[in-house]
Every structure is written in C-alpha cells, then in structure tokens.
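Residue numbers (our numbering), protein chains in the order written: chain P, 1246 to 1438; chain F, 1246 to 1438.
What the hints contain is simulated information worked out from the structure, not anything from laboratory work. Treat the hints with care, as some may be off.
Chain copies aren't distinguished; within one or between two, either way the pair holds.
[What the hints assert, rightly or not] Listed next, the in silico BS3-like pairs over lysine-lysine satisfying Cα-Cα at most 30 Å (straight line):
1. 1247 x 1292
2. 1254 x 1357
3. 1295 x 1346
4. 1346 x 1292
5. 1391 x 1266
6. 1266 x 1357
7. 1247 x 1357
8. 1379 x 1292
9. 1379 x 1295
10. 1266 x 1379
Residue strings, one per chain:
There are 2 protein chains.
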Amino acid sequence: MKELEERIKRDGRVLGSEVLKVDSFLTHQVDPELMEAIGRVFADAFKREKITKVVTIEASGIAPALYTAQILGVPMVFARKSKSITMDEELLTSEVYSFTKQVTSQVSISRKFLTSEDNVLIIDDFLANGQAAKGLIELCEQAGAKVAGVGIVIEKSFQTGRALLEDEGMRVVSLARIAGFSNGQVEFAEGDA
Amino acid sequence: MKELEERIKRDGRVLGSEVLKVDSFLTHQVDPELMEAIGRVFADAFKREKITKVVTIEASGIAPALYTAQILGVPMVFARKSKSITMDEELLTSEVYSFTKQVTSQVSISRKFLTSEDNVLIIDDFLANGQAAKGLIELCEQAGAKVAGVGIVIEKSFQTGRALLEDEGMRVVSLARIAGFSNGQVEFAEGDA
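Okay, chain P solo, but in the shape it has when bound (with noise of 0.2 Å):
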C-alpha cells in the first residue's frame, strides 16, 4: 500500500536494529483517514471470504480493525489483555508473549462473541514474532471458528512471524512489509495489497 509506505517514510522512526515507531499516526497519536483506507484494503483483500467477525487485540489493533469491520459490514471484536470483573462469563483465553514489553500476558475473549458459525478475518498493526496473531487464531480455534486470513498493517518481514502463520496455512497480507533498516532509513519489501 503506497500510501501507508511514504507515510512511514515520512513520518516513521528507526529506533535501533529493530524498531520501528508509528506513534504520530497508528500506535498512539492515530490518523483516522489513513485508518480508513486501510480499512479498505483489507476489506477488499478479503470481500469474497464470507467474513462474518473482525477480531483484533487491544489497543493499536481496534483503529485499522474497526474500519475493515464497517466496510465488511460485520461486527469488530477485540481481545482485551487483563480481565475486568465486569467480565463474569465464560472467557476464551491464550498466552502471548510480547517481545517489545518483555512479558506474557494472557488474552480473552468472551466466548460468546466467538462461535463455530464465525468466518473471521485477524487486523493486527504489526507482525513481527507472530506471537500476537498465533494467541488470536488459538482463541478461534477454541471456539470452533474458521479463520479466513490474518491482515497485517506493518510486517516485520525479517523476522519470524510470517513464516509461523503461512506454516500453518494461514493467507496473510501486509500492507507494508520491512525488509530491513539500513542507516536509520526503511527498506521495504513488496506489501501484499
């Protein structure tokens, strides 16, 4: 996605070997219009699919995961990450580890947002280890739900987290996916929409 890739030009930071910062326009500070698009061309990658949920993990997921689900037309559910006691009912739960805070935490779902009937598509901001996505997939699984494809917003493609999904069958498309940083700068390899 041309447009999701200049702005990450433009306004992305390199922090280190492996770090990427977007906080001026998805994982803090978050520009709606991007957002939109995005949700466009998602919902296109995936409108012959039957999608019947779009499911994401709080709290960078929800923007790009809310648009896909309005332009689907269906309903967006996301993963929380600690359990309220508001949430009394049964919950479907799995472990993700996450590499950029150096701890597991556990992910729910109320099981009953999530059925056997469900065809749903995964929204996530980033894939780098897959960690995120696989915890996402396990609770559809634990639901009996069939998991359409997993969008991604920004791929790592040098780390391992592709490789997870597609070994599993998994149909995954990334709107921009990184190659590499060389001298503070992005490299990217070719997105997938």
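Got chain P; can you put chain F on it based on the hints?
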C-alpha cells in the same frame, strides 16, 4: 441520543445495582455503524470549538473517539495505561483509579502529541466517578493545552463524575444518561445530545 438509548435497552445488561454491561456493542464487541453515529453527534456538539485533537484512553474509548476525530478532521490520541520500552520520549503522566478494576493505573501521553496550541475534546465510553476524564484533563493541563469539553457515551448520572467535572467549569456532553437501575431495567435521565 435516542438510537443509543434504544441499543442500551435492547442489548445492555444490568449486573447488581451499579454495573451496566454493554460489551456487545461498545466495550468488547464493537458496532462500527453505531460508533460512527456517536462520532457524528459529538462532532456536531463541538463543531464551533475549533478542536485540534480528540483525546481518549485505551481501549474502549478508541472507537467513538476515532470517528469523532475523523468527522472533525483532526487526529485522535489515546492515552496509554502502561509504559512500553518503545515509549522513550518525555511523557505526560497522571494517576487514574478504576473503581471497576480496583487498581490505580498510570496513564500517559507523549509530550510531543499535546502542546499549548491544542484545543482538546476528550471522549470516553463511560463517566462514573470521573477519574479517567480527570486524569486526561490533567495531561492536557500539563501540556498547557485548552480543554473544550468532555464527550461521554454513557453517563451514570447517579455517580459523582459529572458534578466533579462541572465544578471545574468543564462542559460535559453525555449521549445517554442513566438515572438508575430498577428491577434490572435501565432508567434514563435526559441526554445532552
């Protein structure tokens, strides 16, 4: 907001004497069309205020804040409840006590996303004791930003949050105002929009 009140009556669930669960369309599973309608009402209520940023707190505030920001043509910023190691900049921080989760969290926004030039509209999903909104107002004050008002999706009018904010001279626009719960049914006070 009639459409919201009807949705609360239809899909909200009252737990005990103080808790309203709206996890089927707002706080866990999200209805994008309803969120856009909510964004339109907030944007309309504050359209003369020359808003430059919409500020909310992760995670349930993001969806209504995102559409409000889009319709006003400004960025949305969501405050984070915990620090990540990629948040290296100077942070604005304040403490927020959650009566629901019974924990105090630190909420933070990167200083670079709020300045003394900003005129902020704060959006949140619930107003109960007003602690979250108060924390966000404090972040704005630390940055020297003006706060034009607070937009709330669901206000628990039998709790003290609204008075707390209005006593500080803050304009509060709540789309659904809950006077109380009677026999598991929601009783509404007149909403602000």
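How the hints compare with the structure:
no.	hint	result
1	1247 x 1292	within (20 Å within a copy, 32 Å between copies)
2	1254 x 1357	between (41 Å within a copy, 19 Å between copies)
3	1295 x 1346	neither (35 Å within a copy, 37 Å between copies)
4	1346 x 1292	neither (34 Å within a copy, 39 Å between copies)
5	1391 x 1266	between (32 Å within a copy, 27 Å between copies)
6	1266 x 1357	between (35 Å within a copy, 14 Å between copies)
7	1247 x 1357	between (38 Å within a copy, 26 Å between copies)
8	1379 x 1292	within (23 Å within a copy, 42 Å between copies)
9	1379 x 1295	within (22 Å within a copy, 43 Å between copies)
10	1266 x 1379	both (23 Å within a copy, 28 Å between copies)
Violated hints, listed in ascending order, are 3 and 4; each of the other numbered hints is respected by the structure.
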